[in-house]
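So the protein lines, in turn, are chains A and B. Residue numbers for the first sequence follow the numbering used here, so the first one is 43 and each next one is one higher. Residue numbers for the second sequence follow the numbering used here, so the first one is 1104 and each next one is one higher.
One or more of the hints may lead you astray.
[To be verified] Below, in silico cross-link-like pairs of lysine to aspartate or glutamate (DMTMM-like), each with a Cα-Cα straight-line distance of 20 angstroms or less:
(1) B:1254 - A:429
(2) B:1242 - A:465
(3) B:1242 - A:401
(4) B:1242 - A:460
[Said to hold, decoys possible] Simulated restraints on C-beta separations:
(5) A:339 - B:1247: 54 to 62 angstroms
(6) A:411 - B:1212: 53 to 61 angstroms
(7) B:1343 - A:463: 55 to 63 angstroms
By construction, these hints were calculated from the structure, which means they are not laboratory data. Built from N, CA and C at the ideal position, the CB exists for glycine as well.
These are the residues of each chain, in order.
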Amino acid sequence: MNAVMDPVEHYRALVDAATPLLPGAHLAWLVEQRERGLEHFLANGFPTRKQEAWRYTGLERVLEEAWLPQAEAVVNLAADDLSRLWLAPKAGARLVFVNGRWMPALSTPVDAVPAGVQLGGLREALEEEPDQLSAWLGGAAHIEASAFTALNSALLDDGAWLQIAADRRLPAPIEILYLSLGQDRAAIHPRNLLVLEEGAQATVIEHYASLDEAPSFTNAVTEVMVGDGARLEHTRLQDESPSARHMSSVFVRQAGDSAYHATHVSLGGVWSRSEYHNRLQCERANCEIDGLYVSGERRLADVHVAIEHAVPACSSRQRFKGIVLGSGRAVFDGLIRVQPDAQKTDAHLSNDNLLLSRDAEVDTKPQLEIYADDVKCSHGTTVGQLDPAQLFYLRSRGIGLGEARRMLCLGFATEVLDGCSVEGFADRVGERLRQHLEASPLIRVNEE
Amino acid sequence: MLKVTDLQVTVDNQPILKGLDLSVGAGEVHAIMGPNGSGKSSLAHVLAGREGYQVTGGEVCFDGQDLLALDVEERARRGLFLALQYPVELPGVSTMVFLRESLNAVRAQRGEPPLDAAAFIKLLREKARLVELNPELLKRAVNTGFSGGEKKRSEILQMALLEPKLAVLDETDSGLDIDALRIVADGVNALRSPQRSMILVTHYQRLLDYIEPDFVHVLAGGRIVRSGDKSLALELERRGYGWIAGEAAA
Chain A
43 MNAVMDPVEH
53 YRALVDAATP
63 LLPGAHLAWL
73 VEQRERGLEH
83 FLANGFPTRK
93 QEAWRYTGLE
103 RVLEEAWLPQ
113 AEAVVNLAAD
123 DLSRLWLAPK
133 AGARLVFVNG
143 RWMPALSTPV
153 DAVPAGVQLG
163 GLREALEEEP
173 DQLSAWLGGA
183 AHIEASAFTA
193 LNSALLDDGA
203 WLQIAADRRL
213 PAPIEILYLS
223 LGQDRAAIHP
233 RNLLVLEEGA
243 QATVIEHYAS
253 LDEAPSFTNA
263 VTEVMVGDGA
273 RLEHTRLQDE
283 SPSARHMSSV
293 FVRQAGDSAY
303 HATHVSLGGV
313 WSRSEYHNRL
323 QCERANCEID
333 GLYVSGERRL
343 ADVHVAIEHA
353 VPACSSRQRF
363 KGIVLGSGRA
373 VFDGLIRVQP
383 DAQKTDAHLS
393 NDNLLLSRDA
403 EVDTKPQLEI
413 YADDVKCSHG
423 TTVGQLDPAQ
433 LFYLRSRGIG
443 LGEARRMLCL
453 GFATEVLDGC
463 SVEGFADRVG
473 ERLRQHLEAS
483 PLIRVNEE
Chain B
1104 MLKVTDLQVT
1114 VDNQPILKGL
1124 DLSVGAGEVH
1134 AIMGPNGSGK
1144 SSLAHVLAGR
1154 EGYQVTGGEV
1164 CFDGQDLLAL
1174 DVEERARRGL
1184 FLALQYPVEL
1194 PGVSTMVFLR
1204 ESLNAVRAQR
1214 GEPPLDAAAF
1224 IKLLREKARL
1234 VELNPELLKR
1244 AVNTGFSGGE
1254 KKRSEILQMA
1264 LLEPKLAVLD
1274 ETDSGLDIDA
1284 LRIVADGVNA
1294 LRSPQRSMIL
1304 VTHYQRLLDY
1314 IEPDFVHVLA
1324 GGRIVRSGDK
1334 SLALELERRG
1344 YGWIAGEAAA
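Pulled out of the complex, with its shape left as it was, chain A reads as follows (with noise of 0.2 angstroms):
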């Protein structure tokens, strides 16, 4: 353990240190943006239980341990040793990090991603490309969301960049996997940038996995533009090492008519928390995020969602799912904010949870603040146990009550999934949530 006496300066320090290895150091526009980051967090520093967003949330798992940024990761890896990390065996192009730096030798080449995308590592671009990226970079992400986006503002270096041109339709899913590997107490914090212009279509995978158990740090910040009468699929897993600490925020825009669908999954990590903010900017856009999130011995899983309504006719929804094993903890916060000038707004939040444990603990806490007087809107959680009447009735079939339990909570968690279009993900993240509750013990409640 590295204690460390006062996380805002060893953050400091470590700013100042990056700041001349930065890209694009040329260009004023993202000089500011990283400045603003970097007072945002100075004059802020990293929250506390006693704000609202982070009362169930303690940062202690992250705080505790001095994470350093990585140089150029070293690493003998084959396009072969991840094979068995790909959700989407037919991806359209694939894009690889190690450590948060892009590896152009693991990732599909740029002359075999598909025409009309754009699709490569953000350092690069930001060297080579800067005035493609101007219109975008910082236009959904807000610093003031919190320490961790202003941090990963000030230290804005590398991560995916995709643009797809106006009304492209993509088949096949693009791919990208962030790795953490190798080296102990790696911070990374990946900037990543998907922009689809006006009516283009596609599905985007962001899968953050570790390759060993070194603890690690991600701080990732992904920001999303969906243009006009655009569609995005947007599936995203975080499967890390049991060691990993991963906080991860999502910023989307959405144009008018445009559609936006996530798929969020938390399996891993000791300590995690992921952020999403939606704002319904013009008329008629969809926004629906559907999650599970997955706990377990002395783990947290945090989940919390903000949708905006800022216009009229817009729908969005909300639903998450989540399962607590052994001593674990999770929180889910799920707000549906409507403005004032929003009427005809149709938005709805639902969040589920099982405990399997006497031990395990969720935090619900769905938001409803509404403005404007003319709108559907709704919210359910409920928190509960196995099923008696369920279990009993597997059991009646010959199947063993382990068995019996891992089968319906894989159901719960099906529900979720399912709404994935990307192939064959339902089955790979029910076989990993298996090997969550195999290895879990199993403590009796309230079934006998």
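On the provided structure of chain A, position chain B as indicated by the hints.
What follows is chain B alone, placed relative to chain A:
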């Protein structure tokens, strides 16, 4: 096959079964009738091992084993099958996975190798025809969105698949229209064999028009108060349960 001796059961300290005796031989079909609240369904659930029933006395011997000493799943694997009055929906649990897992658990107990996917699907389709169950339903989650009749047919399909030694059918006729009842009864009749015993728990005689029992028992006040052949069922249909309860009290 099954020998129940002086079985006493309580639920929340309330006596439900008060010294029940029942003997079912191989290949026999027994009907257990009785008024509401007489303990018919409790008997079915106690045999299957459902939680919430405390056995305070008596014995149950099933195929040479002490049934009450076995866990729910052990009973099922050794050939006891309970068709539920209200089959449970399992949202998100694939019917195919459920049935295959179940069948392979029972096969393992019998010392048989697990069926591979192709062999399983072939067998399943064959059995689904027996109960005229639309194979499309098998692609859904277990019992989810099934009609009442489809749920009952799905129970009989499971019974056909698992080939139990003893099947206990709890109010399988309840909620079925006449066509569905015929289909379910045809399925049950097709599964009658000299090795397979059945206990039909039912409130009405109607089911027995379709499935002819070898023995009929009347359960009242937690005990079997009268036993006979199928003519007893007809007499109950004509006279109701009152006269027997009166005789039993006398």
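Review point. What hint numbers does the structure not satisfy?
Key: 3 and 5
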